[in-house]
Amino acid sequence: MNESRSDALVLFGATGDLAAKMIFPAVCALAARGAFDVPLVVVARQPLGALRKTVLAHLNECASSRRSLARPLATPIRYVSGDLHDDATCAKLKRALRGARHPLYYLAIPPDLFPVVV
Numbered sequence: 563m564n565e566s567r568s569d570a571l572v573l574f575g576a577t578g579d580l581a582a583k584m585i586f587p588a589v590c591a592l593a594a595r596g597a598f599d600v601p602l603v604v605v606a607r608q609p610l611g612a613l614r615k616t617v618l619a620h621l622n623e624c625a626s627s628r629r630s631l632a633r634p635l636a637t638p639i640r641y642v643s644g645d646l647h648d649d650a651t652c653a654k655l656k657r658a659l660r661g662a663r664h665p666l667y668y669l670a671i672p673p674d675l676f677p678v679v680v
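Count the sequence shown with the numbering used here and you get residues 563 to 680, in order.
The hints are simulated quantities; they were obtained by calculation from the structure and are not laboratory data. No residue lacks a Cβ here, since even glycine has one placed at the ideal position from N, Cα and C. Errors might be hidden in some of the hints.
As the list claims (entries may be wrong) - Restraint ranges, calculated between C-beta atoms of paired labels, are given here: (1) PRO609 with LYS656: 28 to 38 Å; (2) GLU565 with SER626: 27 to 37 Å; (3) SER566 with LYS656: 12 to 22 Å; (4) ALA591 with ARG567: 13 to 23 Å; (5) LEU669 with PRO638: 12 to 22 Å; (6) ALA653 with ALA594: 29 to 39 Å; (7) GLU565 with ALA619: 27 to 37 Å; (8) VAL678 with SER626: 30 to 40 Å; (9) ALA653 with ARG595: 30 to 40 Å; (10) VAL680 with SER626: 11 to 21 Å; (11) ALA591 with ASP648: 18 to 28 Å; (12) ALA650 with ALA612: 11 to 21 Å; (13) ARG595 with ASP648: 32 to 42 Å.
The whole structure should be built from the sequences, with the hints applied where relevant.
As structure tokens, this is what we get:
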């Protein structure tokens, strides 16, 4: 059996509470151990500038005890802004994945949006 390793983490709902309280702290903890080495693709409906600002604020908050993580973690982040019901958002996501073959998807979105994303 050939086990493939995930080569990107796609986080839908990157500006919500679940991402802020659970996902970003987990990413920071993994990065602190040198165990997070894949691109982080964040997806949310906020405009691109607001999305970047919110994600970086979440990372700065969870990395406050590890100040050195904020800068290295910010470089592999790829941002996708758009409505999940819009096909253009899917096209943006495909470009952001840049050929990743085994992305891991995390749905930090309301359950009624799961069928839309899946």
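Verification of the supplied hints:
1. PRO609 with LYS656: 28 to 38 Å: Given range 28 to 38 Å: violated, Cβ gap about 20 Å.
2. GLU565 with SER626: 27 to 37 Å: 35 Å, holds
3. SER566 with LYS656: 12 to 22 Å: Holds - the Cβ-Cβ distance for SER566 and LYS656, about 19 Å, lies within 12 to 22 Å.
4. ALA591 with ARG567: 13 to 23 Å: Distance hint for ALA591, ARG567 holds at roughly 19 Å.
5. LEU669 with PRO638: 12 to 22 Å: Between LEU669 and PRO638, where Cβ atoms are some 21 Å apart, the hint holds.
6. ALA653 with ALA594: 29 to 39 Å: Roughly 34 Å apart at Cβ, these two residues keep to the hinted range, so it holds.
7. GLU565 with ALA619: 27 to 37 Å: At 36 Å between Cβs, range holds.
8. VAL678 with SER626: 30 to 40 Å: 34 Å, holds
9. ALA653 with ARG595: 30 to 40 Å: Holds, at about 35 Å.
10. VAL680 with SER626: 11 to 21 Å: Given a distance of about 35 Å, which is not inside 11 to 21 Å, the answer is violated.
11. ALA591 with ASP648: 18 to 28 Å: 33 Å, violated
12. ALA650 with ALA612: 11 to 21 Å: Given a distance of about 18 Å, which is inside 11 to 21 Å, the answer is holds.
13. ARG595 with ASP648: 32 to 42 Å: 37 Å, holds
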